[in-house]
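Protein chains in written order, with my numbering: chain F, 1 to 292; chain H, 1 to 416.
Keep in mind that the hints were calculated from the coordinates and are not lab data.
Be aware that a few hints might be false.
Now the stretches of chain H that chain F is said to cover, found in silico as 3 or more residues with beta-carbon under 8 Å [as the list claims (entries may be wrong)]:
no., region
1, 45-53
2, 212-224
3, 236-245
4, 249-258
5, 291-300
With a straight-line cut-off of 25 Å between C-alpha atoms, the simulated SDA-like cross-links for lysine to any residue are [unchecked claim]:
no., chain 1, residue 1, chain 2, residue 2
6, H, K82, F, G101
7, H, K304, F, R111
8, H, K82, F, V105
9, H, K176, F, E135
10, H, K304, F, L119
11, H, K82, F, S109
12, H, K304, F, F114
13, H, K299, F, S109
14, H, K304, F, S109
15, H, K304, F, Q108
16, H, K299, F, F114
17, H, K299, F, L119
18, H, K82, F, W112
19, H, K352, H, D329
20, H, K82, F, L106
21, H, K304, F, I113
22, H, K82, F, F114
23, H, K196, F, L260
24, H, K176, F, I113
25, H, K82, F, R111
26, H, K299, F, I113
27, H, K347, H, G395
28, H, K82, F, Q108
Computed footprint of chain H on chain F; a stretch qualifies when at least three of its residues, placed anywhere within it, have a C-beta under 8 Å from a C-beta of chain H [unchecked claim]:
no., region
29, 5-12
30, 138-147
31, 219-233
The beta carbon of each residue, even a glycine, is placed where N, CA and C say it ideally should be.
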Amino acid sequence: MQTALFLSQLLNGLLDGFYYLLIALGLSLIFSLGGIVNLAHGAFFAVGAYMAIVLTPYLGFFGAVIVGPLVVAAMGIVVERLLFARFYRIDPLYSLLLTFGLAMVLEQSMRWIFGSAPLAYSIPDALRGQIFMGEFIYSRYRLFTIAVAIIAIGLLWLLLNRTAFGRIVRAGIQNPDILGTLGISLRPYLSAVAAIGIGLAGLAGILMAPIQPVHPAMGAEVLVAAFVVVVIGGLGSFWGVVLAAILVGLVKGFMAAIDLTSWSLASIYLLMFIVLLVRPRGLMGERILRFE
Amino acid sequence: MTAGRKINRRAILQSGGAVALGALAAPGILRAQNGPIVLGHLTPRTGFLGPLGDYAVMGVDLAVEHINADGGINGRELQVLKEDSVNPQTASTKAERMIERDEVAAITGEISSSSTLAIGQVAERTKTLFVNTGGNSDTLRGSDCKRHMFHVETQNAMYLNGEGFYFLNNNLVDGKRWYLPTADYAFGHDLLNGAKAFLARNNGEIVGDDLVATDATDFSAIMLKIRSAQPDVVALNLAGTQITGFLKQYGEFGLDFPIGGFGFDTQSAWAAGPENFKGTWPSVWNHLIDNEESQAFTKAFVDKYGMPPENQAWSDYTALKIMAKAMTDVGGTDTAALIEYLEGGAKFDLMKNRQGYFNPSNHQLLQEVYAITALPESEVENQWDIFTTSGPVIGEDQPLEILIKDAVGGTCSFDA
Chain F
1 MQTALFLSQL LNGLLDGFYY LLIALGLSLI FSLGGIVNLA HGAFFAVGAY
51 MAIVLTPYLG FFGAVIVGPL VVAAMGIVVE RLLFARFYRI DPLYSLLLTF
101 GLAMVLEQSM RWIFGSAPLA YSIPDALRGQ IFMGEFIYSR YRLFTIAVAI
151 IAIGLLWLLL NRTAFGRIVR AGIQNPDILG TLGISLRPYL SAVAAIGIGL
201 AGLAGILMAP IQPVHPAMGA EVLVAAFVVV VIGGLGSFWG VVLAAILVGL
251 VKGFMAAIDL TSWSLASIYL LMFIVLLVRP RGLMGERILR FE
Chain H
1 MTAGRKINRR AILQSGGAVA LGALAAPGIL RAQNGPIVLG HLTPRTGFLG
51 PLGDYAVMGV DLAVEHINAD GGINGRELQV LKEDSVNPQT ASTKAERMIE
101 RDEVAAITGE ISSSSTLAIG QVAERTKTLF VNTGGNSDTL RGSDCKRHMF
151 HVETQNAMYL NGEGFYFLNN NLVDGKRWYL PTADYAFGHD LLNGAKAFLA
201 RNNGEIVGDD LVATDATDFS AIMLKIRSAQ PDVVALNLAG TQITGFLKQY
251 GEFGLDFPIG GFGFDTQSAW AAGPENFKGT WPSVWNHLID NEESQAFTKA
301 FVDKYGMPPE NQAWSDYTAL KIMAKAMTDV GGTDTAALIE YLEGGAKFDL
351 MKNRQGYFNP SNHQLLQEVY AITALPESEV ENQWDIFTTS GPVIGEDQPL
401 EILIKDAVGG TCSFDA
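Make a model of the complete structure from these sequences and hints.
Pasting the structure below:
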């Protein structure tokens with residue numbers, strides 16, 4: 001029984017990691033290409049959760065899972081064109097202030113529109129229930145969210161590594177100036193990357209709406225955890241962020257497994273601390289000339 | 001003659017000066033006697049208690065409307081300065097600013113027990129009255145009590161005893177195994193201590209008491225532990241949005257051990273929704289209480305805001321009504337006179353069967369408490385009425401004092 005619980009907790013932590021991954025990847029991508037640290041990422045996660053509530057009556061839950069991220073991504077394009085675009089070439093401190101302000105504006109707007117009391121939203125009937133594997137029990141809904149996350153992350157990997165779009169984005173991350181001399185404008189790519197990154201945060205918000213309280217400030221915890229994942233994984237590295245998310249999930253799961261649940265949140269900061277001491281660039285961080 | 005003339009002239013000048021000074025000073029004196037009475041209100045508007053804070057502010061606005069419509073306090077208009085208390089440090093700074101710069105007559109509000117203590121310390125130092133509307137910790141009525149701090153919000157012991165009656169009556173304590181997920185801050189720790197003492201007295205066993213960070217949103221690890229522990233009862237010492245998240249994930253993992261808790265706000269039930277809300281919970285007041293005053297308040301609230309009042313709105317509304325009555329009866333805002341009045345057994349209408357009064361030895365408002373029970377999903381007709389309420393959990397012949405019996409958190413001494 002105890003071994004089963006130990007393994008259950010490890011596996012649960014691992015699966016938890018995928019949820020951080022969805023948010024961390026977008027955060028990493030936006031920073032790598034444009035140098036913007038998007039502190040509003042958590043707010044877009046909350047916007048996604050509200051999208052689930054707004055869209056479900058018209059499109060059903062599954063419709064909301066498809067359309068919601070697209071709406072949030074469209075908001076990402078507007079924000080990128082109107083705001084981010086003015087901050088790419090100046091001190092990153094200004095973009096920190098900008099996105100911090102943006103996070104507050106978004107949160108207050110949600111409070112204004114929906115009120116600050118959490119809104120009720122439940123798991124759709126088709127995904128209710130649990131799956132039993134011996135001693136291990138897992139929520140059917142969570143398996144669904146993990147499947148969606150894996151598909152989204154897989155598609156993103158294909159896009160970045162197997163298409164012309166991805167080649168330009170990767171080149172832009174390393175050296176935007178050379179890309180400019182080749183006659184390739186980075187502008188549409190910056191917009192597209194912001195849309196993808198923010199859309200992924202929206203998708204995570206929609207997926208979490210049935211199992212977390214939906215309220216305007218719900219993005220705060222997830223934003224911090226996503227930052228930890230990005231820092232541990234290292235900037236500019238797709239697999240670094242994936243590895244970090246798995247590691248963070250496993251460490252959290254391990255703390256729960258050895259009956260130190262109350263330490264599970266603190267443990268991920270400790271992990272970040274150790275990684276930064278040993279490898280300041282993160283586990284698989286690439287050397288990006290612009291940021292050196 | 002000469003001397004008399006001189007004296008007369010001096011007398012005339014002096015009296016003239018006195019009249020002139022009097023004329024200059026009069027508007028000020030008039031203003032102080034007839035101008036508005038200004039109170040300060042602090043409560044969290046952000047963070048995991050922020051949603052409750054919004055209900056608090058709605059309650060305050062409605063109370064101000066009602067009090068001023070009834071002629072104010074001795075003919076003077078009531079005004080309330082409202083601010084987000086954020087955290088204990090900010091709460092303390094803002095309380096000081098309200099008292100020293102804005103010269104408020106008293107402070108009310110708060111939800112977080114930690115911030116309640118911070119404001120209580122400022123109130124004690126500046127000799128200003130503070131009426132707590134949301135901090136439940138027993139310690140605030142025990143070793144941390146303050147002469148200038150009064151509590152309209154129930155203390156943990158009242159919830160524990162109230163909910164305890166329910167568990168005892170349903171045979172869920174003696175020899176039963178309990179799991180107690182607990183919020184990792186003053187309120188949760190205090191409640192856990194109370195719950196441990198309650199279970200020790202009644203021969204209950206604790207099989208788990210995980211501390212949960214206030215910003216944690218994922219409870220899956222605890223769900224797995226609970227399932228493995230197979231308890232007879234799961235009782236939450238959680239607060240705010242934590243309860244909602246926990247209930248949603250409890251349903252998600254298909255756990256069906258009897259569930260309840262020693263702290264509760266109706267908002268947590270509404271936010272969990274009828275599919276996820278289960279169990280029996282303590283309630284200081286709820287919108288389904290079947291008496292004329294409660295239903296009139298609920299109607300006024302629905303008319304103004306389009307939704308029924310949460311118990312936090314009741315608490316802040318009631319605190320202002322109590323303060324208005326006290327200031328009217330005392331004939332002003334003198335702090336020492338108000339304390340003497342509140343300690344003197346004055347009775348207040350609380351929209352409940354019995355009137356309430358402050359316990360002079362710890363400043364807790366003694367009042368009836370209730371228990372609410374989730375309705376089965378199939379019987380729910382709208383998003384608000386998703387539970388039923390009991391009557392007062394103690395009988396008419398039992399004294400209200402039994403509700404604060406066995407409180408943990410030390411002994412109150414106002415001289416310390």
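Here is what the structure says about each hint:
no.	hint	in the structure
1	45-53	holds (count 7)
2	212-224	holds (count 10)
3	236-245	holds (count 3)
4	249-258	holds (count 5)
5	291-300	violated (count 0)
6	H:K82 <-> F:G101	holds, 23 Å
7	H:K304 <-> F:R111	holds, 18 Å
8	H:K82 <-> F:V105	holds, 21 Å
9	H:K176 <-> F:E135	holds, 24 Å
10	H:K304 <-> F:L119	holds, 20 Å
11	H:K82 <-> F:S109	holds, 20 Å
12	H:K304 <-> F:F114	holds, 17 Å
13	H:K299 <-> F:S109	violated, 28 Å
14	H:K304 <-> F:S109	holds, 21 Å
15	H:K304 <-> F:Q108	holds, 22 Å
16	H:K299 <-> F:F114	holds, 22 Å
17	H:K299 <-> F:L119	holds, 22 Å
18	H:K82 <-> F:W112	holds, 18 Å
19	H:K352 <-> H:D329	holds, 22 Å
20	H:K82 <-> F:L106	holds, 23 Å
21	H:K304 <-> F:I113	holds, 17 Å
22	H:K82 <-> F:F114	holds, 21 Å
23	H:K196 <-> F:L260	holds, 20 Å
24	H:K176 <-> F:I113	violated, 46 Å
25	H:K82 <-> F:R111	holds, 17 Å
26	H:K299 <-> F:I113	holds, 23 Å
27	H:K347 <-> H:G395	holds, 19 Å
28	H:K82 <-> F:Q108	holds, 17 Å
29	5-12	holds (count 4)
30	138-147	holds (count 3)
31	219-233	holds (count 3)
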